[in-house]
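There are 2 protein chains.
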Amino acid sequence: MVIDPPYLIFLGDVPDALAAKTGVGIVDWRPEWCIGQLRLEGCQADAGIPDMTIADAKARGVNTMVVGVVNAGGVLPPHWITSIVEALDAGLNVATGLHVRLASIPEIAEAAARGGGNLHDVRFTDERFATGKGNKRPGRRVLTVGTDCSVGKKYTVLALEREMRARGMDADFRATGQTGVFISGRGAAIDAVAADFISGAVEWIAPAADPGHWDLIEGQGSLFHPSFAGVSLGLLHGAQADAFIVCHEPTRTTMRGVSHALPSIQDVIDMTIACGLLTNPEITCSGIAVNTQKLGEDEARALLKTLAEKHDVPATDPIRFGVEGLVDRLETMAGKA
Amino acid sequence: MVIDPPYLIFLGDVPDALAAKTGVGIVDWRPEWCIGQLRLEGCQADAGIPDMTIADAKARGVNTMVVGVVNAGGVLPPHWITSIVEALDAGLNVATGLHVRLASIPEIAEAAARGGGNLHDVRFTDERFATGKGNKRPGRRVLTVGTDCSVGKKYTVLALEREMRARGMDADFRATGQTGVFISGRGAAIDAVAADFISGAVEWIAPAADPGHWDLIEGQGSLFHPSFAGVSLGLLHGAQADAFIVCHEPTRTTMRGVSHALPSIQDVIDMTIACGLLTNPEITCSGIAVNTQKLGEDEARALLKTLAEKHDVPATDPIRFGVEGLVDRLETMAGKA
Chain A
1 MVIDPPYLIF
11 LGDVPDALAA
21 KTGVGIVDWR
31 PEWCIGQLRL
41 EGCQADAGIP
51 DMTIADAKAR
61 GVNTMVVGVV
71 NAGGVLPPHW
81 ITSIVEALDA
91 GLNVATGLHV
101 RLASIPEIAE
111 AAARGGGNLH
121 DVRFTDERFA
131 TGKGNKRPGR
141 RVLTVGTDCS
151 VGKKYTVLAL
161 EREMRARGMD
171 ADFRATGQTG
181 VFISGRGAAI
191 DAVAADFISG
201 AVEWIAPAAD
211 PGHWDLIEGQ
221 GSLFHPSFAG
231 VSLGLLHGAQ
241 ADAFIVCHEP
251 TRTTMRGVSH
261 ALPSIQDVID
271 MTIACGLLTN
281 PEITCSGIAV
291 NTQKLGEDEA
301 RALLKTLAEK
311 HDVPATDPIR
321 FGVEGLVDRL
331 ETMAGKA
Chain B
1 MVIDPPYLIF
11 LGDVPDALAA
21 KTGVGIVDWR
31 PEWCIGQLRL
41 EGCQADAGIP
51 DMTIADAKAR
61 GVNTMVVGVV
71 NAGGVLPPHW
81 ITSIVEALDA
91 GLNVATGLHV
101 RLASIPEIAE
111 AAARGGGNLH
121 DVRFTDERFA
131 TGKGNKRPGR
141 RVLTVGTDCS
151 VGKKYTVLAL
161 EREMRARGMD
171 ADFRATGQTG
181 VFISGRGAAI
191 DAVAADFISG
201 AVEWIAPAAD
211 PGHWDLIEGQ
221 GSLFHPSFAG
231 VSLGLLHGAQ
241 ADAFIVCHEP
251 TRTTMRGVSH
261 ALPSIQDVID
271 MTIACGLLTN
281 PEITCSGIAV
291 NTQKLGEDEA
301 RALLKTLAEK
311 HDVPATDPIR
321 FGVEGLVDRL
331 ETMAGKA
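In the order they appear, the protein sequences are chains A and B. Residues in the first sequence are numbered consecutively from 1, following full-length UniProt numbering. Residues in the second sequence are numbered consecutively from 1, following full-length UniProt numbering.
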């Protein structure tokens, strides 16, 4: 799935900022792709970029309108359909992460046929993946893994990409979830891929590359999450990661959506290596990324220092303190290789 | 997905017995459900049950025609469509494991609407699964795991079901693959479930039951298979197995479809326990099932003796030597619990 930037970010008339999380995330990480936002009357979210009509967006070179909002129940309200039809009639593509396929709505399917724009349903994939082969391929790969879901796996690899590119390194964020696909303009939401093809989808997402190239692969779930461990394991084997970074949220007591306790960071390191050896005998932990948002600064720094010493890898909060140490370690690893 | 027996087994005009493997497997394990077979001119397969027209099948109480064959490319040849339409017009349901949805073929969709029969596409599932919760639920569960794909996981649990029922035990085979779904009349092909719902699907397939009830859950893939390990792990957590049986084919040198070597049986036991502890701290290996078809009888018996001693569990070839020892061990375990 390839989505053409630049984007017009559609925020509809969502009642709060949280409902526009996807749209705001795209603007955070790809400001250069986000020409404007389209907000309907009553919209309570703001991505902080110019408000723009569809006609203006088209005139300024926008290729795709991204529906960067979620609606209760994942359905498309009729007045959003009107905007989508207008965008298609203007010749734009439209991309969404909604639970319903755009083409299943007759007005939208007709408008797409008329206008010539493409429809991208990021939660669905029509890509025919092969099953994973598990063979090591050229290029370097870093994967974020976690003690739980929603602990900063996507933001960590995005922060790595920004820092590595600033250093002139050849690095690409590789998306495995819907927001990530909008941010990278490519990828697949692997939670929606049929179970047999998880690893194969990741081999497609992060294909063979130059030996000096870095793929920074967005992790999903946790090997210790009862609901999603299978996804995490398939992702690990598809990634054949040379290095992994453990992501963690230190104040959480039970795993998201279930009653199970979080594993320790050491548990995650040990299990990731025990499993990952199958497809990459060189796999190694190269850092720890902690979301310290709920801790005071002193407390956060003390925790990171303790973790770095205990596990003998750099530990940071990527958003609060940057990822210089994580990238230094990756450069050192690469120098050795 | 619930499929109503009794069945008429449709074998079409397949060129050899292998193409009718699914149909023959259903007859092997559910002879009481299989009233007859429908073969077209030139069919080279024979499930060993009476040939029958659709009208005769209907008259004898058949509820569902099962398309128990695969065609090259998974497509439906036009003359098979004719038979399917005839079955639907007679008021039968039709079930298939083909790669194409029956309802996507207009003649079939129209005939189903006319006749009132249901269409079952076992490779697709419209069941809306929840994500797995990972909570231990009442009832006993046995899962087959493997050193590879296609090493006898389905046949082992089917043999267990037959033996346990013969002893008056309350036991049900739980299908996770397409042939298994036809054999049990229920279940889901979990390789086709979206990745996020593997564990949840298995929780639905093997739901809470009486404390003395046995669910015998068909395993898939291997925790050591680079392509399918994610499926196997999701299945393990959905099953929350009390006991697992390791299935193995001793002459195989590389895993199916990839170039990786097979893990040892001990590797599989260790990894299954290391991972399975998350959702069932009592998980234990209760036996080894070896497909010894390529070994002479003495060699087979010697291998099984060695394995039983080495791993301190019963070891057998379920088809060649029966599963009495495996069931004895499960009864002993249950007595202790």
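For the record, the hints were derived by calculation from the structure and aren't laboratory data. Just so we're clear, the structure is a prediction, and the values are computed from it rather than from any experiment. Treat each hint with caution, since some may be false.
Since the list can't tell identical chains apart, any single copy or any two copies may satisfy a pair.
Claimed, not checked - Straight-line Cα separation of at most 30 Å, DSSO-like style, residue types lysine-lysine; simulated pairs:
no., residue 1, residue 2
1, Lys21, Lys310
2, Lys133, Lys21
3, Lys305, Lys294
4, Lys294, Lys133
5, Lys58, Lys133
6, Lys310, Lys294
7, Lys310, Lys58
8, Lys305, Lys133
9, Lys58, Lys305
10, Lys136, Lys58
11, Lys133, Lys310
12, Lys305, Lys136
Structure-based check of all given hints:
1. Lys21 to Lys310: neither (35 Å within a copy, 55 Å between copies)
2. Lys133 to Lys21: between (35 Å within a copy, 26 Å between copies)
3. Lys305 to Lys294: within (17 Å within a copy, 58 Å between copies)
4. Lys294 to Lys133: Classified as between; 27 Å across copies, 41 Å inside a copy.
5. Lys58 to Lys133: So Lys58 and Lys133 fail the 30 Å test inside a copy (42 Å) and across (46 Å) alike.
6. Lys310 to Lys294: within (22 Å within a copy, 52 Å between copies)
7. Lys310 to Lys58: neither (54 Å within a copy, 71 Å between copies)
8. Lys305 to Lys133: This pair counts as neither: shortest intra-copy Cα distance 39 Å, inter-copy 35 Å.
9. Lys58 to Lys305: neither (50 Å within a copy, 74 Å between copies)
10. Lys136 to Lys58: neither (43 Å within a copy, 55 Å between copies)
11. Lys133 to Lys310: neither (35 Å within a copy, 32 Å between copies)
12. Lys305 to Lys136: Classified as neither; 34 Å inside a copy, 38 Å across copies.
Violated hints, in rising order: 1, 5, 7, 8, 9, 10, 11, 12; the structure is consistent with all others.
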